Structures are given as C-alpha cells and as structure tokens.
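Those protein sequences? They're chains A and B, same order as listed.
Following my numbering, the numbering of the first sequence begins with 1127 at its first residue and continues without gaps.
Following my numbering, the numbering of the second sequence begins with 911 at its first residue and continues without gaps.
Where hints are given, some of them may not hold.
[Said to hold, decoys possible] Below, a list of computed lysine-lysine pairs in the DSS-like style, where the Cα atoms sit at most 30 angstroms apart: (1) K1196(A) with K1062(B); (2) K1221(B) with K1198(A); (3) K1303(B) with K1198(A); (4) K1017(B) with K1198(A); (5) K1376(B) with K1196(A); (6) K1479(B) with K1198(A); (7) K1017(B) with K1176(B); (8) K1422(B) with K1196(A); (9) K1017(B) with K1303(B); (10) K1221(B) with K1303(B); (11) K1376(B) with K1446(B); (12) K1376(B) with K1306(B); (13) K1376(B) with K1176(B); (14) K1017(B) with K1045(B); (15) K1054(B) with K1135(A); (16) K988(B) with K1077(B); (17) K1422(B) with K1198(A); (18) K1308(B) with K1221(B); (19) K1054(B) with K1196(A); (20) K1376(B) with K1544(B); (21) K1054(B) with K1245(B); (22) K1418(B) with K1198(A); (23) K1017(B) with K1054(B); (24) K1245(B) with K1142(B); (25) K1196(A) with K988(B); (26) K1135(A) with K1308(B); (27) K1077(B) with K1017(B); (28) K1198(A) with K1054(B); (29) K1196(A) with K1017(B).
Everything labelled a hint here was simulated from the structure, so no lab data went into it.
Every value quoted in this text rests on a predicted model; they were computed, and no experiment measured them.
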Amino acid sequence: MENQRALTKTVIYGTLSVTLYFLLYLFSEQIIELSRQGGRYFMIPIVIAFIFSVVHGNFTGYFWDLLGIKAKTKK
Amino acid sequence: MEFIDLNSLNVIYLFIVGFIGGLVSGFIGSGGAFVLTPAMMNLGVSGIMAVASNMCHKFPKSLVGAMKRHKFGQVDIKLGIVMGISAEAGVLVGAELMQHIREVFGKSGSNLYVSVVFVVVLAIVGGYVLRDAIKMMRSEDSEKEELTKIAKWVHSVHIPYTMMYFKSIGTEISVLFTIPLGFATGMLAATIAVGGFIGVPAMMYILGVPGLMASATELVIAFIMGMGGTMKYALSGLVDVRLAMIILAGSLFGIQLGAIGTTYVKPYMVKLVMGVIMIIVLFSRGTMIPAYLSDLSLINTLSPETISWMKMVSFVLLVIALTVGAVIVFSALIKGMLQHRRELAAGEADATHFSDSQVDSLTSVGRLERIMLVTDNSDFTEGATHEAIRMAKRCKSKLHIFSVLPEADYEIPVGQQHLLLEERRATVARLNEVQVHAEAEGVDCEILLGHGDAFAEIVDEAEYSKMDLIVMGRREKSDLARAMLGGTTAKVIGHTHCNVLVVPRGAKIEGKGIVLPVDGSRYSDAAATAVLTLTKQCPTPVTVASVARDEHQQTEARQRAERVQALLKQADVNANVYIGTGLADEMIAQVTQSTQSDLVVMGSHGHSGLDRLLLGSTSERVIGRVDCPVLVVKV
C-alpha cells in the first residue's frame, strides 16, 4: 500500500513537474522578456518559483519515498 | 543586462551543483550559495545576476526544506519568523554598506573587506563549531548538547514586555537578543552570501537552541531573506528565472535527502558538517587576500598568472568544501539507514531460530514479539493502553508506543498555531507518561512518532517495523461521523496486514469467555487458530457463533459452526455452539452479552476502499456494537 501510494503520487507530480519545465523551456523567451522589464513584472519569477516549489518539491519528496529513503520516525 | 544562452551541458552542470548545494542546505540549513554564485559566474552570468538568481532559487528551496523538517518536529517557526524579519533588515543595511564600501574603496577594496570579514568570522565561529562537534563526538553521551554559559545567561535575563516563548528553547527569552542576532545574520548574508554561518551558531550557542532545530529553523530565516532578496532584484529585472529553476530542479532532490539525513544522525553531525565547510571556505577566501592586497598596492604587485592561479585554487577549495560536506551527509545518511535496517533485520533473524515454545505459539496470533500500541491524547485509548502493557508484560514482548502528530502548520488557520503546538506537546507528554507506566511494569518499550494522516502512518509504521499486533482504542459508537466515514480504527483494519486488537474505553480481558464468529471462510479459520493459541495460554470458555441470514440457511450455519467446534475439540478445547438468525453484528453482540464473554476473535476479509464503502465490514460493525475488546485476525 505504502509503495503504491508513493508510486501514484510520484507519477502524478513527476508528470506535472516535467510539464512545468517543458513550458518554461517553451516560453523562456517571453518569460525573460517580461522579467527583464522589472517593475510591476517582478511577480513573474516569484510566482514561477512558488509553483515549481510546490510541484517539484512534492515530486522529489515522493521520489525518495518510492526508493525507500524516508525519515526515521523513532524519537 | 544580458541573459546567457543555456546549452544542455550548462543545464546538467547547474543541476548537479544545485543537488549538492541542496543536500548540504537540507542538512545544515544553509550553504550552497557560496559555490552556486561563482558557479553561475563561471558560465558567464554577471555577478549581480548570479546573486539575484541564487536568491530566487534559495527561497523556494528553503520553503520545501523547512516544510520537510517541520514534519520531523525540528522547526521553530516563531523563532524563524522573528529572526527572519530582523535578518531582512540586516540584509538591506548590509547591501547599503557593501555599496558604500564599493564606492569608497573600489572593487578590490570591497573584495578585501568581504574576504577579511569571511576569514575572521569563519575562523572564530567555524573553529568554535568544529571544536564543539569534536567534543560532543568524543563525550560519553554524544547526543547531549550542553548549554553554553552565555545561553544560560540569556535564559536568565528578564526584560519586561520583550519576553517571548520559543519552543526550541523551552523557555521565554527577550527578543532584544534575537533581533540583533537576526540582524547580524542578514548583514553577513548580504556580505558573504551565507547568513546561516552566523545564524545557526548564534541560535545554538547564544540562544541555546539544539543543533538540529537551529539548522532547521535557519531554513525559515533563509526563506524570508531569499524572498525579500528576490523581490528587490526582480524589481530591477535582474532575476534569470530559468537559471533559478534549473538549480531548483537539482536542489529540491538534494534538500529532501539532506532533511531526511538529519533524522538518522546524532546532533553533533550537523555541527561537524558546518564546521568543516566553514574552515575550508575560510581557506578559499584567505587564498584570494594577497590578490586583493596586490590590487590595492598594499603589497608587491602579483603577476596576472599568479592571480588567476589563486582564483582557481580558491574556487576549487569552495567546490571541495561543498563536496566534503555532501560526502559526510551522504555517508551519515547511508550509515544511519543501514544501521536502522540492521536493527529491523535482527528482529527478523531471530524469527528464523525458533525455540520449542515459540513453535507452539506460531499461529495466526503470531509470536507477539512486537506490539504496537496506538495512543493519542484522549481517554478513548485508555483501555488499549492498559491491555497492551498487560499483554507485553505477559508475553515479554517489546512495546512500541505510537502516536501521530498533526500535519504541518501551513494548513492551520492563522492564529491557531498555538492550539496545534499544545496538542503536540500534550501528545508527547502522554507518550512519555505511558512509557514510564510500561517501564514501571518491567516492559521494554520505545516511542515512535508519525506525522500526517493517522491511518496511513499507523499502517505504514506497522508494516515498516514488522509489528505482530496493533492495539488501539475506538471512539464511542454514537459518533455519527465515524459511522458515516469510517474511523481510523476501521481504516487501519481494512489496510493493515497484521492483527488488530481494538479495546474500548474501560474494557479489560479477564479470561471470562471468548466469542468466535465463523462464516466458513478461511478468514474465520484463521480466527479459530488464533483462539486455539489463546486458550492454550489461558483456558477460557469458547462460544462458536454462526449467523444465518434467514431460517433456510440455519442448517448451513450450524454445519459451519460444528466444523470449527470439531477442529477445536481435536486440540482438547471444548466449545459451545450458538446459531442465530438475522444481522451478524446484532447476533454477535447478543451472544457476547449473554455469555458474558470479554473477547471477540474474528477474521477480517480486509475490505478497503470501494469494497468497504459498498459492502461494509462485519468486523467494523461488531467493533462498534460490542463493549468488549475485539481481536481482528488477518490472514
């Protein structure tokens, strides 16, 4: 059950993460153009960083979980 | 400002550096930046853009690291926020100061200033951290962290209207101490890009925060500083989010691993890694001082070749610092995990050498070497606690007392965090109380903690730690939510592979009688085998109960019961037979009451998910109906 749960979540978040990186690659020129302007566009890198941290953060967490590398819970 | 072109080699390079930086940050709370910034500059990124992009990768990385380590109970969010805000102020002042120094003394002057600050700070603080780590490593109790004299003094000072309680310190201290420390962390972050090199030691030695908690709390400070820094640079359009996200791709893999590593090591390891890195970085910076002195004509001018060699040696030393840190973290993690697995395997290895008495009791009830008592801070687990201790004492089993702590604070409404903290404190206090009680009875026991979804944590821990039996309480049967949604107990029964003893509040097993419901399946045969073991250890009247849905099925129900009765008879156990008609749970509750039995032993079909929702579970309904303990035997 443990492995199945980790596998499902790794696959879901992994797919989302790859999609996000692909989109970043696809629209990199537009993103850079807007970031370069600064000012009111300052939120662009921050919003992107937050979205990536949630999706990729979850993916990496479940990834190690799937490989059996998990925290020791003993007090 | 130009943004560089990225090729696949650059991407791999940044990913790997990000991974190693993340690994170290996850472990000691900071680090990585001192290599990442020059690493980006090596690719042709301008200095300021490298700093800006590093900031943009640092805050999401710290966020993920802080959330991970918060799950392990290592983060003091309040202390992190208080110090983070003052650190942000320190960053702004530090950046202004750096700007001023650059204007007055030029680039070499500012580099010289940075290097001297680096060398002096790292020599004093790094030397102290390393000395403390070695002292702890060599001491008899290597887990014990002693308070420094200054920390004791800070705890003793009471300044009215400035006192604040911090859970990591365990007492109130004046914020007049935390604000300057946070400010200094920020100042240093603005100057040498690694604020944690002063923030973590300051928390450990001046405030008296334990090493693991200090390094975890530093991640909150790093998040606040990184967020502020990113905003500042993004407003000027200096952040290359592509670079930041590529580094983040690697560093999030690293930070998760580094954070996991902290749960396997003794506290001195954090200090050791930090101290070693600080000293190597010190040499790296120190190497460059003659070059800056030469630029300022304070010493004889050095040749460009010599300066370029110095630059290379300095960078290589930075890479070595990070690599050495990563190797120590990796080896500590691998060593810790292997040790943990060896401990678990030792338990299993014992299972291959049975004594005669063990072979006798090798049935569906198992050998009961590892009993897992699930407890929370409520009275509902009182009966379960009592029975688990009694059983562990009688069977000389090891008792593992398990509680699940609530999930991270970010899901809790603002202003209610204190309730969560209270609950955690009460849960841990309750665990300690049960441990004291069990040890007083001569039971060998251990405390285990889980975080998050209660039922999943219980099931996973039982499987991971190879438990023989889970003992848990149950909520009152009138609990409507439980009836509709299924409580934790029901979900555990549905998913676990080991036997579960559910003990209602105030119930006891005194050997008055056992009810054994049968339905002809292999699950009820397993329950019958379990009853055989139990009656062998403690002769108890047994009633085999078989329920027919209607009168036409009574013969079949009787045959099922008599088959099990005959099976018990072969082992010299005389059992009565009860045949009922109607709903199984109602009939079982009725026979339990009429025979005054104090234990129901039944097999479980182990329905989970949709099956359970559609079909329901007889064992779940019986547990909700009877007032005595129910042993659910799993095949």
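Status of each hint after checking the structure:
1. K1196(A) with K1062(B): Distance ~36 angstroms between K1196(A) and K1062(B) Cα, so the pair is violated.
2. K1221(B) with K1198(A): Status violated; Cα separation ~42 angstroms.
3. K1303(B) with K1198(A): 27 angstroms, holds
4. K1017(B) with K1198(A): 48 angstroms, violated
5. K1376(B) with K1196(A): 16 angstroms, holds
6. K1479(B) with K1198(A): 47 angstroms, violated
7. K1017(B) with K1176(B): Given pair K1017(B), K1176(B) is violated - Cα atoms ~43 angstroms apart, limit 30 angstroms.
8. K1422(B) with K1196(A): Between K1422(B) and K1196(A) the Cα gap is close to 44 angstroms, so the pair fails against 30 angstroms, i.e. violated.
9. K1017(B) with K1303(B): 73 angstroms, violated
10. K1221(B) with K1303(B): Between K1221(B) and K1303(B) the Cα gap is close to 67 angstroms, so the pair fails against 30 angstroms, i.e. violated.
11. K1376(B) with K1446(B): 25 angstroms, holds
12. K1376(B) with K1306(B): 17 angstroms, holds
13. K1376(B) with K1176(B): Since the Cα atoms of K1376(B) and K1176(B) sit roughly 25 angstroms apart, the hinted pair holds (cutoff 30 angstroms).
14. K1017(B) with K1045(B): Given pair K1017(B), K1045(B) is violated - Cα atoms ~41 angstroms apart, limit 30 angstroms.
15. K1054(B) with K1135(A): 38 angstroms, violated
16. K988(B) with K1077(B): The hint holds at about 8 angstroms.
17. K1422(B) with K1198(A): Not OK: K1422(B) and K1198(A) at ~41 angstroms, beyond 30 angstroms, violated.
18. K1308(B) with K1221(B): 59 angstroms, violated
19. K1054(B) with K1196(A): 25 angstroms, holds
20. K1376(B) with K1544(B): Holds, at roughly 14 angstroms.
21. K1054(B) with K1245(B): Holds, at about 20 angstroms.
22. K1418(B) with K1198(A): 33 angstroms, violated
23. K1017(B) with K1054(B): 46 angstroms, violated
24. K1245(B) with K1142(B): This hinted pair is violated, its Cα atoms lying about 42 angstroms apart.
25. K1196(A) with K988(B): Holds: K1196(A) and K988(B) sit about 26 angstroms apart, inside 30 angstroms.
26. K1135(A) with K1308(B): Given pair K1135(A), K1308(B) is violated - Cα atoms ~34 angstroms apart, limit 30 angstroms.
27. K1077(B) with K1017(B): 44 angstroms, violated
28. K1198(A) with K1054(B): 19 angstroms, holds
29. K1196(A) with K1017(B): 47 angstroms, violated
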